[in-house]
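Engineer: Since chain A is already given, all that's left is putting chain B on it; use the hints.
Residue numbers (our numbering), protein chains in the order written: chain A, 1 to 97; chain B, 1 to 653.
Don't take each hint at face value.
Partial chain A-side listing against chain B, Cβ under 8 Å, derived [stated by the list, open to error]: (1) A20; (2) C24; (3) V42; (4) R45; (5) G76.
Calculated directly from the structure, the hints in this document are not laboratory data.
This structure is a prediction, so every number in the text was calculated from the model and none was measured.
Each residue gets a CB set at the ideal place from its N, CA and C atoms; glycine is no exception.
Spelled out, the chains give:
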Amino acid sequence: MRDSVLLHKTGPQVVQELQACIGCNECLLVCPALAEPITIDVLNRETLSGPISKPVARYARACYQCGACVAPCPVGLHRDAMMMWLKVRLLRSGREE
Amino acid sequence: MSRENKAGISRSYVESADIVIVGNGIAGLTAAVEARQLAPDARIVIITDQCHPTINTPALKQFATGKLEREQLLAYPAGTEREQRIHVIQAHVESINAQGKYLCLEGGGGFGYNSLLIATGSKPNGLPAATPGRDFDGVLTLHRLADYLDLRRRLCEVSQAVVIGGGVHAIETVMGLLTWGISVHWLVRSATIMPRVLDQAASSLVLEHIQRAGAKIYLETEVAGIVGRVGAVAGVITNQNQLIPCQMVLVCTGTRPNAALAQHCTEPMLCKNGILVDDHLRTSVRNIYAAGDVAALKNPQTGSYEPRAQWYSAVLEGRIAATAMIDDLGGRQSDRRGGSQSERESSSFGVPWHATHLGELSMLTVGNPLYWSDEITTLTDSSKGCYRLMALAGDRLVGYLSLGPKQPDSLAIKRIVDDCLPVGSIKKALLKGTLDARAYLSQRRSEAAHDLVTTGKLPDLAPVASTGKSASIVRVLSATASLPAAAPVPMPGVKQGQPAAQASKTARLPETGPLRTAIATVPVPAPMPVPAPASLAVPAAIPRYTAPLAIVESEEISPFTGNLPAVARPAASPSGSKRFQPRPLSQGSARGRASSGQKLLPASAKLPAINVNSKEKRPLRNLWSYGERRPVVTNHGGGHSKSDTARRTASAH
Chain A
1 MRDSVLLHKT GPQVVQELQA CIGCNECLLV CPALAEPITI DVLNRETLSG
51 PISKPVARYA RACYQCGACV APCPVGLHRD AMMMWLKVRL LRSGREE
Chain B
1 MSRENKAGIS RSYVESADIV IVGNGIAGLT AAVEARQLAP DARIVIITDQ
51 CHPTINTPAL KQFATGKLER EQLLAYPAGT EREQRIHVIQ AHVESINAQG
101 KYLCLEGGGG FGYNSLLIAT GSKPNGLPAA TPGRDFDGVL TLHRLADYLD
151 LRRRLCEVSQ AVVIGGGVHA IETVMGLLTW GISVHWLVRS ATIMPRVLDQ
201 AASSLVLEHI QRAGAKIYLE TEVAGIVGRV GAVAGVITNQ NQLIPCQMVL
251 VCTGTRPNAA LAQHCTEPML CKNGILVDDH LRTSVRNIYA AGDVAALKNP
301 QTGSYEPRAQ WYSAVLEGRI AATAMIDDLG GRQSDRRGGS QSERESSSFG
351 VPWHATHLGE LSMLTVGNPL YWSDEITTLT DSSKGCYRLM ALAGDRLVGY
401 LSLGPKQPDS LAIKRIVDDC LPVGSIKKAL LKGTLDARAY LSQRRSEAAH
451 DLVTTGKLPD LAPVASTGKS ASIVRVLSAT ASLPAAAPVP MPGVKQGQPA
501 AQASKTARLP ETGPLRTAIA TVPVPAPMPV PAPASLAVPA AIPRYTAPLA
551 IVESEEISPF TGNLPAVARP AASPSGSKRF QPRPLSQGSA RGRASSGQKL
601 LPASAKLPAI NVNSKEKRPL RNLWSYGERR PVVTNHGGGH SKSDTARRTA
651 SAH
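Next comes chain A alone, as it looks inside the complex:
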């Protein structure tokens, strides 16, 4: 996996990418792990901060970081890094429960 180095972006970088997301949905359209309707506004919001709802949590766990979402992004963002971020948040929120 040549692009695996791009998976890990620092926190400020992930936030910056989330703010640059134009919500075109291209990443979700190609995602092989998305099993239920999740809209990009909710996903972005919950990746950034706040409580993580159940569908988004399920999606975050189902994401296996295949990277299919990166190429279609018109703005050149890395949804895989954002999902990894969401996984980290999920992990922490689980711990706090």
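Structural biologist: Just chain B now, with coordinates in the frame of chain A:
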């Protein structure tokens, strides 16, 4: 509600709010949400004449091609406004009374404000007023949601369409229509497209792609008139005396800022190609701010004021404006502690950045790629159907243009330009579009950290810090922090204590997020020359500002290793401390991890040798739920069922 109060409004009866935002585009709503986070008790009102909630306007082109439904266009989850206690009023604002600090609404109402944000966006230029036939049914501009709804309704009865305009929006429209199987005639006024962004070679590459996709391109052609039949479009006559039959004409001739409010303000508001704002988004009128497409910002590279009609800059501007408005509300208190956040924000504002798809090509422009002058050297690469152009000033990148099937790490390149990082070592990778931005940036950080450790001093860390700037840019930004001196109206927003405060802000700038801890632990040899030392220690102010970003800054992924942070293991501290104990890889089953860790306790002698190895492996096991091994997350209550669900979900695919 005040707007129902038709006549005889006196100031005391007018409703008012601390923060009033005109327009509910992304800049307006972002500012409102951000302001709510900074000031939980402020009264925040959005006044808009738009009949729908804030949408992802760039996604409208996906909406036009049928990839999205209307519900998926929402920029914020439905109900965000209510949840954030942002009051939305449906009204049209006609004028601003800056002395009385109130707005006049259409129909005679008024609305008072403490801080006002103008975020009215832009409007399409359309065809010149003299063009015959511009009012026929079927002549559309694509700008608002209503326009796209109109387009989608018409698509089924259109077989030929004419697109007018030579910009990105026109290209996106052409490509969108082609996906519906409509034959598209594209009229471009000049001989190349986007002359300010693309050079000759890049322009012809794009044109070639679009031609291959099936569009018919007419260069150096303008519309002379539109012919219609019984009120609807039947064709377009060009200035080449050619008649192109069509059922629809799409006018993509650019937009201009919707700055009517600047003209209808009782105090003169500087406005030229957008409302002029400084780096805190203050207009020339006190307590009035502007953000989004309507605001004209100074380009740090060229020094000219220009609107940045792009999504990302609108979001950023909304956030900066919110910070500035909250500073306003805080009054005197904000003089002391204020600014630092907005200063930091503005320093991350940086150069223009635009990334999009032009059909199958990805286009990225950062800074000013066509910035020709003596000390600028330009490198281009046009192999394998790609085109890349770099403008270099010595070792610094000042402009970057990339066209190709793959979008490079666009925001990382923006950061390289913004922070003026040296690109000598990555020139070739940039030119080939194979830059590994993460490796480069983390290497820069390690070098800086190495300096910090070896010299014991705080070096010029700004260029490597995540939100920092190089000293030169900081200087430029603080110099441009107010509107030009030639401006007829001085900036009233500049308060008495400002120069001193400004100096202290500038001095504090390099202390960016990741470095704060270092500053706290490493004794700084010489205190910085700060005129007002009290401003450095305002503990009460800090939580208020950092709160919204707290999660982010604490959850930093280690820049040195690229690994995810070690997750604290709550109860199982005995085994937890041995979590990184070496063990043969064959024993590495995560399922038996906790117990095997205990079993392997005596092996601690080998710790240094294998530790590196286990560090590399760890995050993969911890976080990926598709593997057979149980993730470590699950060894506490409730975690089991969740990961089981996850595994089931994953296996379902």
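Engineer: Evaluate each hint against the coordinates.
Structural biologist: Each hint, compared with the structure:
Annotation: interface hint on A20 of chain A holds; nearest CB of chain B at approximately 4 Å, less than 8 Å. With its C-beta approaching chain B no nearer than about 4 Å, C24 of chain A sits inside the 8 Å limit, and its interface hint holds. The criterion of a C-beta within 8 Å of any C-beta in chain B is met by V42 of chain A, whose closest approach is roughly 5 Å, and the hint holds. The closest approach between the C-beta of R45 of chain A and any C-beta of chain B is roughly 6 Å, which is under the 8 Å cut-off, so the hint is satisfied.
A least Cβ separation of about 3 Å between G76 of chain A and chain B falls short of the 8 Å threshold, and the interface hint therefore holds.
Going through the hint list in order, the structure satisfies each hint without exception.
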